[in-house]
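The opening residue of the sequence shown carries number 49 in this note's numbering; numbering runs sequentially from there.
Note that these hints are calculated values from the structure, not bench results. No residue lacks a Cβ here, since even glycine has one placed at the ideal position from N, Cα and C. Fair warning: there could be bad hints in the mix.
Here are the simulated DMTMM-like pairs of lysine to aspartate or glutamate, each with C-alpha atoms no more than 20 angstroms apart in a straight line [claimed, not checked]:
#1 Lys88 x Asp50
#2 Lys255 x Glu97
#3 Lys116 x Glu98
Quick list of the computed label-pair ranges, beta carbon to beta carbon [what the hints assert, rightly or not]:
#4 Lys211 x Met146: 29 to 37 angstroms
#5 Asp219 x Tyr68: 29 to 37 angstroms
#6 Ser73 x Gln96: 35 to 43 angstroms
#7 Gln92 x Ile113: 31 to 39 angstroms
#8 Arg174 x Pro131: 27 to 35 angstroms
#9 Gln92 x Asn112: 18 to 26 angstroms
#10 Ile84 x Ile170: 27 to 35 angstroms
#11 Lys108 x Ser73: 21 to 29 angstroms
#12 Glu230 x Gly104: 44 to 52 angstroms
#13 Asn112 x Asp161: 31 to 39 angstroms
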Amino acid sequence: MDTRTIIKSKIQNMELVTKYIYQNSLGTSKLCKPYITARKNLEQSQNQEEIMGIEGAATKHYFNIYGKALPEDFSFVVRSRRPAQDPANAILNLGYMMLLREIQTHLEAHHLDPYIGFLHSIQDGRPSLALDILEEFRQPFIDLFILKIIRHKQIGKDDFQVKDGGVVLTDDGFRKFFNLYEKKMGDTDGENPGLRQIINKQVYLLKKHILGEIIYQSLQLA
């Protein structure tokens, strides 16, 4: 697989979330220029190191925008993983982890080894292939979902606590988030597939690609 396919999809999704945040207001095109540049650079990239460097720069730009788009008591400047240094990063980390497990389950159901990936290097205990697929689902499945539940005050600052040097959800906060996540993943209007069905379809398409039957197309927001 050409790993640029995955990163191109991720950059496209970051651009579309940026446009969603600002509703194509004045100045949106300027904010989206780094994504256009990143896609052009991606086409000319020669190796994995260059690809990951382009992805890293675009992601840093994206989270600078995303962090400021959250309500003031949830806004952040720097993306922090473990331990998370603020509530928004804590819930993003949790959302990505839960989605990663979903993807891994679907990979195993299709008899694909989640530990042998294309984009992420193979390391002991790291589900590299699941992480590859996660890249195309972060923005449409988790980032938009979290932006909406915070803006709609379905999750609040009282749902978090400081523990072991980082910020995490309280037990009640976790239950609240888990229920919202499960509803989001299972929602379907009867015509369009639910998010779990979309994951399963992408994994199926990946398997067909590995078998040499099709060219894999990463998921992109409409």
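Evaluated hints:
1. Lys88 x Asp50: holds (15 angstroms)
2. Lys255 x Glu97: Not OK: Lys255 and Glu97 at ~26 angstroms, beyond 20 angstroms, violated.
3. Lys116 x Glu98: violated (28 angstroms)
4. Lys211 x Met146: 29 to 37 angstroms: Once the Cβ atoms are compared, 19 angstroms apart, the range 29 to 37 angstroms for Met146 and Lys211 is violated.
5. Asp219 x Tyr68: 29 to 37 angstroms: For Tyr68 against Asp219, whose Cβ atoms are near 32 angstroms apart, the range 29 to 37 angstroms holds.
6. Ser73 x Gln96: 35 to 43 angstroms: Since Ser73 and Gln96 have Cβ atoms about 37 angstroms apart, the given range 35 to 43 angstroms holds.
7. Gln92 x Ile113: 31 to 39 angstroms: Taking Cβ atoms as reference, Gln92 and Ile113 lie about 25 angstroms apart, which means the hint is violated.
8. Arg174 x Pro131: 27 to 35 angstroms: Between Arg174 and Pro131, where Cβ atoms are some 19 angstroms apart, the hint is violated.
9. Gln92 x Asn112: 18 to 26 angstroms: Holds, at about 24 angstroms.
10. Ile84 x Ile170: 27 to 35 angstroms: The hinted range 27 to 35 angstroms holds for Ile84 and Ile170, with Cβ atoms some 32 angstroms apart.
11. Lys108 x Ser73: 21 to 29 angstroms: With a Cβ separation near 22 angstroms, Lys108 and Ser73 satisfy 21 to 29 angstroms, so the hint holds.
12. Glu230 x Gly104: 44 to 52 angstroms: At 32 angstroms between Cβs, range violated.
13. Asn112 x Asp161: 31 to 39 angstroms: holds (36 angstroms)
The structure shown violates the earlier hints numbered 2, 3, 4, 7, 8, 12.
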